[in-house]
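In case you want the letters, here they are:
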Amino acid sequence: MDFLTLLQVLDSSLRLATPLLLACLAGLFSERAGIFDIGLEGKMLAAAFLSAAIAATTGSVWLGLLAGIGAALLLSAIHGLASITLRGDQIISGVAINFLAAGLTVVISQDWFGQGGRTPPLLSGGRFEPLSLPGAVPAKEISQAGPFMQLYSELLSGHSLLVYVALLMVPLTWFVLYKTRFGLRLRAVGENPAAVDTAGISVVGLRYAAVGICGVLCGIAGAYMATALQAGFVKDMSAGRGFIALAALIFAKWRPWYALGACLLFGFFFAVDNRFQNILLPAWAMSGVLLALGCGLFAYVRNKTLLDRIVLGGLGLGLAIVATLITLSNLNAGLGSMIKIPVVFIQSLPYVLTVVVLAGFVGKAIPPRSGGVAYVKEK
Amino acid sequence: MGCRYLWESFMSFTKTILGSAAAVALSATAALADPAIIFDLGGKFDKSFNEAAFQGAQRWADETGGSFREIELQNEAQREQALRRFAEAGSNPIVMAGFAFADALGKVAPDYPDTKFAVIDVNWLSMPNVRGIGFNEHEGSYLVGMLAAQTSKTGTVGFVGGMDIPLIRRFGCGFAQGVKAINADATIIANMTGTTPAAWNDPVKGSELTKAQISQGADVVFAAAGGTGVGVLQTAADEGILSIGVDSNQNYMHPGKVLTSMLKRVDNAVYDAFSQGDALETGNFQMGVANGGVGYALDEFNASLVSADMQSAVDAAAAAMTAGTLSVHDYTSDESCPALSF
Chain A
64 MDFLTLLQVL
74 DSSLRLATPL
84 LLACLAGLFS
94 ERAGIFDIGL
104 EGKMLAAAFL
114 SAAIAATTGS
124 VWLGLLAGIG
134 AALLLSAIHG
144 LASITLRGDQ
154 IISGVAINFL
164 AAGLTVVISQ
174 DWFGQGGRTP
184 PLLSGGRFEP
194 LSLPGAVPAK
204 EISQAGPFMQ
214 LYSELLSGHS
224 LLVYVALLMV
234 PLTWFVLYKT
244 RFGLRLRAVG
254 ENPAAVDTAG
264 ISVVGLRYAA
274 VGICGVLCGI
284 AGAYMATALQ
294 AGFVKDMSAG
304 RGFIALAALI
314 FAKWRPWYAL
324 GACLLFGFFF
334 AVDNRFQNIL
344 LPAWAMSGVL
354 LALGCGLFAY
364 VRNKTLLDRI
374 VLGGLGLGLA
384 IVATLITLSN
394 LNAGLGSMIK
404 IPVVFIQSLP
414 YVLTVVVLAG
424 FVGKAIPPRS
434 GGVAYVKEK
Chain B
-2 MGCRYLWESF
8 MSFTKTILGS
18 AAAVALSATA
28 ALADPAIIFD
38 LGGKFDKSFN
48 EAAFQGAQRW
58 ADETGGSFRE
68 IELQNEAQRE
78 QALRRFAEAG
88 SNPIVMAGFA
98 FADALGKVAP
108 DYPDTKFAVI
118 DVNWLSMPNV
128 RGIGFNEHEG
138 SYLVGMLAAQ
148 TSKTGTVGFV
158 GGMDIPLIRR
168 FGCGFAQGVK
178 AINADATIIA
188 NMTGTTPAAW
198 NDPVKGSELT
208 KAQISQGADV
218 VFAAAGGTGV
228 GVLQTAADEG
238 ILSIGVDSNQ
248 NYMHPGKVLT
258 SMLKRVDNAV
268 YDAFSQGDAL
278 ETGNFQMGVA
288 NGGVGYALDE
298 FNASLVSADM
308 QSAVDAAAAA
318 MTAGTLSVHD
328 YTSDESCPAL
338 SF
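So the protein lines, in turn, are chains A and B.
The letter at position 109 of the first sequence is residue 172 when you use my numbering, and the numbering goes up by one with no holes.
The letter at position 42 of the second sequence is residue 39 when you use my numbering, and the numbering goes up by one with no holes.
Treat the hints as calculated values from the structure; they're not laboratory data.
The beta-carbon is built from N, C-alpha and C at its ideal position, and this holds for glycine as well.
Be aware that one or more of the hints could be misleading.
Under the rule of at most 30 Å between Cα atoms (straight-line distance), these lysine-lysine pairs were calculated in the DSBU-like manner [unchecked claim]:
| # | chain 1 | residue 1 | chain 2 | residue 2 |
| --- | --- | --- | --- | --- |
| 1 | B | LYS150 | B | LYS254 |
| 2 | B | LYS177 | B | LYS254 |
| 3 | B | LYS177 | A | LYS203 |
| 4 | B | LYS254 | B | LYS41 |
| 5 | B | LYS150 | A | LYS203 |
| 6 | A | LYS203 | B | LYS254 |
| 7 | B | LYS150 | B | LYS177 |
| 8 | A | LYS403 | B | LYS177 |
| 9 | A | LYS316 | A | LYS242 |
Covered by chain A, per the in silico footprint, the following chain B stretches (three or more residues, Cβ under 8 Å) [to be verified]:
| # | segment |
| --- | --- |
| 10 | 30 to 43 |
| 11 | 178 to 192 |
| 12 | 197 to 205 |
| 13 | 221 to 229 |
The whole structure should be built from the sequences, with the hints applied where relevant.
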């Protein structure tokens, strides 16, 4: 694999990570304030639809973006009303939002445009075009450029504005959460709302603010998919990215910089899966890696709790068995023979990693202490 | 449930006592029934497979003034349910668009012996009241593969499949053979969108796959991926390469940027089934280049892209297929492809 290929994969990772990152940060604000949000998927979908619909009718991508944010905010308001004001179950409300968005987008779109739940394709003014940073060489000449120029032109330049916005959101989120009074209160309301209330600060107001920020970020994520990555809305186009963002949020342990890392990692897996659908590895390398992983797991769980030992030790044992089987089955053909890693394995890596994190492998993933619990002021 | 049991006992009773005359009389009473069509998960307006089925049904309705019942499935669990609902309501014939109906139909068809079923992309059920319609997608894909290879300047072409199933591999395999027939040294990059039904509606991933193929040198990309193909065609148009549509004629979606479309005349299959009504001829039918079941699209949107030379080469291949002198390998016949490894 040459340097340019690596850059192209990283470039693709960045594009694929952007909607995940925005949704992940959205979930981060909401969950840090104690409101679990299963409905990220639905909000992204609704935003994708309305942004594409408005951009298609008005021809202005900015109005589309605003409309997308508006759609996600509306769903956020419903979630807030159900789970903050009416103290309903946050998971149920989130699931309801997903169903609502999946159905409504198609029905409204069919009513408006009659194209079977699609919006008309967006023309140039209705889309976020890729921005060429100053001095970047065009794609056709990139293979002749030097490595730094390639890095600059391929990876850094040529993304739509929203990609840069998403990346800027990470330090901004970190700053807001950890360096402002609002952020301190927001985190406190997810850990111990009673203490915040005692200090005379409105728990309800803070939680609504968090859910609102969540809506804005989901709106940008949806608009990015429909007006930057694509030129229009297609039913169910979020394709589970809201749930992957939730997995990334857990993987990132509810921290902004980790969220960036998790989303880029997941995006990287998707990009690798797109670029190299079937990866060929020599049999010896494959069984070696699996065996090393298995042994590593055994060594790691030696001093852990019983549950960890059963789960992770079992996983290690499984890996070791697979490694042995691969070695045995390839003895005849020679250990240098190539083995195909199925594409589904790469596709499942984000979920496997999330489970590993949840199992306590990479430290503990501890959610905000009052997450999922409606706040009831003592009478 | 109890109702159907009674009905079935009644049916078997009448059949044993009165012989086949009773069955004929019963089916005659159902002659007034409207036909019905069930669309698969891609949705009625996928601009591709299901939309072609819908167009066939609509053409029948427009020409005869008749009406038909329809449903778009939202999830797997609805397959059998929708089939039974239409059968109970007396719709006849019931047409299903998609290979995924095979299992449900296998269960349901024997329960409604007087209802005729037609299923597209399934040609292995042999039941007295089922019409199976298979398409030789590999033949049509071969033709567009030839066009792709003749157009490609880089000698690298791409294939983006939807869900990774043997049917889609058949498209890819036929395409690869057509490409190799023109340019034996050509590189074919084949990617599948996914392994779940979500792969039919993920244009974002379709775009990324296309970009990955372009960066590996592909300058013509064939999408056989339902709604995902919308993203493939869009990205190809954005990045200045050519794409090939599938099932319906998709040339109009990006005029001058879609090289051609592999036509699968699902519309004709549905139209024929509806026209025959409850006298639907059952059995398994195979639609190929020879009987106009598959082909490639040429219209005002791609006229400038397909030269007379290209057209004559492709038409010669089509004639050879019709005459039986050219046979295209069918992936599903032995689960392997001589021209492409998946």
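Comparing the hints with the structure gives:
no.	hint	result
1	B/LYS150 x B/LYS254	holds (15 Å)
2	B/LYS177 x B/LYS254	holds (23 Å)
3	B/LYS177 x A/LYS203	holds (26 Å)
4	B/LYS254 x B/LYS41	holds (25 Å)
5	B/LYS150 x A/LYS203	holds (14 Å)
6	A/LYS203 x B/LYS254	holds (19 Å)
7	B/LYS150 x B/LYS177	holds (14 Å)
8	A/LYS403 x B/LYS177	holds (24 Å)
9	A/LYS316 x A/LYS242	holds (19 Å)
10	30 to 43	holds (count 4)
11	178 to 192	holds (count 5)
12	197 to 205	holds (count 7)
13	221 to 229	holds (count 3)
Violated hints: none; the structure is consistent with every hint.
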